[in-house]
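Visitor: So the sequences go chain by chain: H and G.
Per my numbering, the first sequence starts with residue 1, numbered consecutively.
Per my numbering, the second sequence starts with residue 1, numbered consecutively.
Rather than coming from a laboratory, the hints here were simulated on the basis of the structure.
Just so you know, even glycine gets a beta-carbon here, dropped at the ideal spot from N, CA and C.
Keep in mind that the hints are not guaranteed to be accurate.
Ranges between beta-carbon positions, derived for each pair [stated by the list, open to error]:
1) G/Asp265 - H/Arg106: 42 to 50 Å
2) G/Arg287 - H/Leu172: 35 to 43 Å
3) H/Lys153 - G/Lys52: 51 to 59 Å
4) H/Glu245 - G/Arg287: 26 to 34 Å
5) G/Tyr368 - H/Val260: 31 to 39 Å
6) G/Glu269 - H/Gly242: 53 to 61 Å
7) H/Glu258 - G/Asp29: 52 to 60 Å
8) H/Lys256 - G/Glu98: 25 to 33 Å
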Amino acid sequence: MNIIVCIKQVPETTEVRINPQTNTLMREGVKSIINPFDMYAIEEGLRLKERFGGKVTILTMGPPQAESALREAISLGADDAILLSDRAFAGSDTLATSYTLAGAIRKIRDYDLLICGKQASDGDTAQVGPGIAAHLDIPQVTYVKKIEEIKDKAIRVERMTEEGFEIIESPLPALLTVVKEINTPRLPSLKGLMRSKQAKITHWTHKDIELGFENLGLSGSPTQVVKIFSPPPRESSQMLSGSIEELVEKLALIFKKELV
Amino acid sequence: MPIQVIIEKCTGCTLCLKVCPFDAIRIMDKKAVINLDKCTLCGACAPACKFKAILLEKPETANQKPDISGYRGVWVFAEQKKGKVQPIAFELLSKAKELAAALDTEVSAVLLGYRLEEEIQELIWRGADKVYVLEKLELANYQDEPYTNVLAELINKYKPEVLLCGATSIGRSLISRIAVKIKAGLTADCTELAIDQEKKMLLSTRPAFGGNIMATIICPNHRPQMATVRHKVFPEAQCDMKRKGKIIYENFYGALLSSRSRLLDIIDEIESTVNLSEADIIVSGGRGLKAKENFKLVEDLAKALGAAVGASRAAVDSGWMPYSHQVGQTGKTVCPKLYIACGISGQIQHLVGMQSSKVIIAINSDPYAPIFKVANYGIVGDLFELLPALTKKLQEALKR
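Extracted from the complex, chain G is given alone in its bound form (with noise of 0.2 Å):
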């Protein structure tokens, strides 16, 4: 079995029972008893254990591990859009430069793309040792199957131990297929990285069940280990204008650039100009706000701002607002600085969309909604008073 109870260390203290998310752990004569019915194997008991009760061990069979000595380097894969580099590849970039220095090796910047000579020297302006570079009219933007074989071709020819991608709707769809392309592991929508220094291993740790519980992940036998990261989790690097770095020109022909599927048409539709996941203040609405009309109140705040308009499902639903500014669970995630709540009770669905920005600020009129018990800052009180005044007041001080 690769899950077994040890039991004379086993105290039946529950602690594995609580932390399961499956349900499958009884006590039973004080020893802790795992049903397989229910297991998935999921791994939350064994490092919940204080005693070391619990033995999950995979089954090695002989050959298996493949050879991962050759590996070395931190990789970001610089994501760009209509030629230009997005705010996510400066963000990785800053952690990137952390997760070297502890490994004692350099970072690479992965670009992809067609004509973008002016944004290579600024990914080495913003920490990048090197920068690999394939220019291609095929490239010019996103496609699932080109992008996957270049940049799959590219890690099997310099091996990086590290490689960095954006939970964007680019990088989630390109890494979940590199990862199976070039069997590696992959930890998705990461919020912290680490290297644990004794291992020179990569720490992914991220929110699972809706941000409800925490989890660190490991990938010990295959590399390069792979991370996705959400947007706004790590400060942008800066830019250092007296940074020097290579660039390395790549060439690739033929059918790796090849696409069965074609990209006919790109439709930019979101009014504000911001966009909800890379913006910095977020400005969002809910069912307080009582009707259509009223949303124009926290449009108005949010452009005083510079922010960008979010909207609780049930505003969306309501028809307020349309889908694509819809954050928590069935919408979209966001972590922006500063996360103000119009009118939203903070039903967890909501909840779980935002709860990782820094600093939030709850409006409402009932004392008890929930939303108040994630919020750094809370206000009672009526909306249609408040933020007027308080977008005239922003107003006045942009004027000055």
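One chain only, chain H, in its complex shape (with noise of 0.2 Å):
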């Protein structure tokens, strides 16, 4: 069973804020980090390797200090890994960005099931897999929480829904996003750390998958960032003190104000 692990390195979003007094960006030494939702997209794929063989390869499309990201998956026990890493990719949003990976993941061919993390945390979008699975043409089964079987070339999985779950059958090869409950990922051994260091990473360029220019990075993106501000500032916020009687009035006041 052949598995990719689509993964996007972020930045640590808790420590990226907004400087309140100058309005400005502060990420003064902010680290960069595996998304934390791939975490659990390569777990998954690790564990579906150890059942039933195969490889699984790890993809990233980023600048070129991505790979660090990818050294780190191989530490976990990945296989392989490829650097999507290119001038021509900048400027990418999600359309852009699935139709570069799509067309990577063409150029691997050698696939049964793709993985990704449910969003990424920076971006928030969630839009990148199901991309992916549309380019491509597959299945595709998002919020995945659990793999319940995998037998004769198909998948049954359980989809997370905003009131419980659904099971969901499909067809390999297919495409997986998954949400956090789905596994606990592991740590790095020290073997796969010392592998990590030595590992060959796979550069590819936009020549190396074959796609032009006009549906890559900037041009290949149909939305653009006009404006970025902070959020606005929320009401200063009032402390209520008392005994417990006079909380408990102050509060059912507070509920009859703002519920009307």
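Two independent chains are provided; combine them into the complex using the hints.
Guide: Shown next, in the form of structure tokens:
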């Protein structure tokens, strides 16, 4: 069973904040990490490999420094890693990103299952996974919380919904996006760490995946950012005090005021 | 180069450096210099520059722009589950009416499903001028492929200029696939939508980097301009039973309706009947509750208020509540009218999931807990006394 896991290197979101005085981004010393949701995707890929054999290939698109995310994935047990890095990819929105990743997946060719995290923590769009599936014209199941069974070139999974979950069966190859509930990611082993230092990372540019400029990067991106600003500040907070009885009265009044 | 600094205009003021999420700008000799190895052309710096010294240009190639002249109207994808149109559709209709007025056009709803008669009428009462309906057994429940095929077909046939959809588990799966199929621009999880009156273009504003930054996004050369919107961002459109509208029954057959994946079963499992994302009030508990059995205090208060129960990651990881109740970065993003955080310290991971709530009340024993920074009302106090007293008061008020 050959699995491709698509990951993204993101700034550790919790550290990107706006300085309220100057209204600008504070990102001194912000670390780059593997998107937290992609850690579950990598883990699920590794678990399937351990059950069914085959290999796990990690694919990412990003600047040259994204290589460190790929090395981290190898330290966890992934077999191969491919970095799509090219100035031609810069400025990609989700449409161009999914197009580029799909192009690379076509070149890899031999795969049974694609796994992505449900969304990236910096953009939160959840669009790239389904976008790849659409470009490749394969079935998708989003928000997967459990893989129940893989048999006879078909997969049965549980898909999280607002109310509970659905059970969906799909032929392979298919694309899954996974949620946190699916597993607990492992830590790298010592052997894995040593292997990751020496592993060869494959570098591909637009020439390798044979895609034309018009659908890549800025040219291939219909959306465009026109303004960036910090969210409007919340009305200054008011601290309530008093005895339990007084607090209950105050809260009851607030409920009345806010809920009409 | 698609991005460049116009040296003559640059004053070295560092505004661009401060907004760059990728640490790609340095000031050298009092001029901004962009490190192209780090720059992703995300577009944050150009609008931040007060001197218009950063140029970000799309390389224009001949005959690349699709023809967008024939696209008119604002569409709402009316999501239904088990034959009931979901409240998010009514929330979208209220905004769609505003947008359509600004564009001097009409609002249409698209309803896909099976046996939906009564629902069609309600969409008209709530603001749809037209409802496009396709009723097929194959569409009874949401499935990615038939829904994508049918909606893409309708878009190509009727050419709307704007398409809105809920940022729900259905909407986010469907519209992402549609965007690729019809090659259109899509902005996810918007919290504000407006029309640029001059260019008659949709301005979609959304949080990024976990809500620490807001970005306004346009889609100049592709139609429809598509956006998904979170629950509870807009008020529901009111019902006006005098409103009239046109119902257009569509009919598609065959391959368009087929699905390679199969939906085998739907299991509802949230114990409380209230869906977290759609709740008007949420009472959430965290580590401050100290033990699983104490979550009952939160549940009792929620019950008295008719609220949904949320939980912090700490509470879920401790096994006090199931993951389906988790609010925050790795859980659900919620935006209720009232959010009551009980014993939640307010780690950024939690805040990003709830800080767009309209009113936040925080109760915590630690006066320095970060949750108080986002709260409208804060109480430093003992949950174990306050929650039962509050629940009792509400129960008594209900009896009267």
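Visitor: Return holds or violated for the Cβ distance of G/Arg287 and H/Leu172 against the range 35 to 43 Å.
Guide: Holds, since G/Arg287 and H/Leu172 (Cβ atoms, about 42 Å apart) stay within the stated range.
Visitor: Honestly, do H/Glu245 and G/Arg287 meet the 26 to 34 Å range at C-beta?
Guide: holds (27 Å)
Visitor: For G/Glu269 and H/Gly242, compare the CB-CB distance with the range 53 to 61 Å and indicate the outcome.
Guide: This hint is violated: roughly 40 Å between Cβ atoms.
Visitor: Quick check: does the Cβ-Cβ distance between H/Lys153 and G/Lys52 fall within 51 to 59 Å?
Guide: At 57 Å between Cβs, range holds.
Visitor: For the pair H/Glu258 and G/Asp29, does the Cβ-Cβ distance stay inside 52 to 60 Å?
Guide: holds (54 Å)
Visitor: Tell me if the beta carbons of G/Tyr368 and H/Val260 are separated by a distance inside 31 to 39 Å.
Guide: holds (33 Å)
Visitor: Holds or violated: 25 to 33 Å for the Cβ distance of H/Lys256 and G/Glu98?
Guide: The hint (25 to 33 Å, Cβ to Cβ) holds, given that H/Lys256 and G/Glu98 are roughly 29 Å apart.
Visitor: Could you check the hint for me, namely that G/Asp265 and H/Arg106 are 42 to 50 Å apart, CB to CB?
Guide: Given about 33 Å between the Cβ atoms, the range is violated.
Checked against the numbered hints given earlier, the structure breaks hints 1, 6 and satisfies all the rest.
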